[in-house]
Amino acid sequence: MDSLTPSSLLHLVIFFFAASWYPVKSEYIAYNTTAGIVPGKINVHLVPHSHDDVGWLKTVDQYYVGSNNSIQCKFRCRSVRAERVDSVVSALLEDKNRKFFYVEQAFFQRWWRQQSNAIKKIVKRLISSAQLELINGGMCMHDEAAAHYIDMIDQTTLGHLFIKQEFGLIPRIGWQIDPFGHSAVQAYLLSAQVGFDALYFARIDYQDREERKDLKNLEIFWWGSKTFGSSADIFAGIFPVNYEPPPGGFYFEVNSDSPVVQANITRTNHIMFTMGTDFMYQYANSWYREMDKFIHYVNQDGRVNALYSTPSIYTDAKYLENEVWPLKVDDFFPYADGPNRYWTGYFSSRPAFKRYVRVLSAYYVAARQLEFFNGRNNSGPTTDSLGDALAIAQHHDAVSGTEKQHVANDYAKRLSMGYAETEKVVSLSLGCLAGQFSNSTCYNPAMNFEQVY
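Taken in order, the sequence shown gives residues -26 to -1, 1 to 427; the numbers are from mature numbering (1 follows the signal peptide of the UniProt record, and there is no 0).
None of these hints come from the bench; they were simulated from the model. Each hint can be trusted.
In silico lysine-lysine, PhoX-like type, Cα no more than 20 Å apart, as pairs: (1) 378 - 328; (2) 267 - 70; (3) 138 - 95; (4) 302 - 187; (5) 190 - 15; (6) 302 - 200; (7) 70 - 94; (8) 190 - 302.
Okay, the calculated beta carbon distance ranges per label pair: (9) 405 - 94: 31 to 41 Å; (10) 404 - 124: 16 to 26 Å; (11) 380 - 92: 33 to 43 Å; (12) 122 - 318: 12 to 22 Å.
Since the model is a prediction, treat every value here as computed from it, not as a measurement. For each residue, glycine too, the CB sits at the ideal point set by N, CA and C.
Please put together the full structure from these sequences, using the hints given.
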């Protein structure tokens, strides 16, 4: 095989992206998308995804149902909409080689509850065959600076528990692509010790990124804690620019050219193209048809190999290379995306909301303990609504304070409603434990207490 320089590879890939949508014939063509990893070639992993903020410019509900179109902006104001997952499922069923992965459980679980048993059976089959993958697995993609580590654990647990119960799986990959800087706590506590095989993210200091690109150090082993030794190690990948697609015009849904040239720089012959960005794949076939063409024609040429992939497949390929990776021992704060453009104001913005989240987090921990001691009644008041509200509040555009005012109001309202229901749990539990209510009012406690004198 003739050697390809990074520059020539980039030009080759750009050419095929352009060729993939240039109208040549109108007749039906059966595109060959069966490619897997080919040893000895440069393998271009196309990883289809959509980054769906759990509130930001719109509220969680507005994003999900597609309302409040009075907000004027480009694609980042588009909605998640229930039809998006429907569209992806339909596109995956058309070709068993296609892949997709989804991150935000707050939206996925809401969609899941609205599906028939027949659809659920189909989705379980897609997940079992690894066509559809659930990664990261939390209710949201939490912030890593303003969120407390207990809240980060709780919101991750809520999502992982659902995935385990419904699909018998635990997510393998961390996907923190939009938080504004990254903490070593995320590396060891919320990645390595959660059981992830890798962690991928995008936002690091612009000077650090350029140096890492020059040294081919964008992919590293992150040692998050010296105290925990090797159990805190995680393979981590930093995107060369952002989490958007490479050049070639893959924004077919909004008629806009790609703003980023995703020139992947890596130490092995495996490179990742992140095929998606904020709120994409509502019309999934418009993406998959073009990726089908891209894979078909790139592989016909033969100089590089393109394939449908996921972060899990990409990570497995990286591990098989037995490469020696650079070591990272601290965090990626503060984040700056340009000269004198430090993203540090959010450490203290919306202080009242930050305090509200922290106070209710402590209350939630105490309330769950009382609920456990007294016994849980799923038909009565529970701590679930407060837990869900707190989970959503850890989103990187929630507790961070970077959301619109009406969105901040919605987060606060959710917390208030959750608190009101949880108060009833606390009141009932304390009354039962103190013997002030009858057995018909109290439930079966998880533990029996006896006063010892």
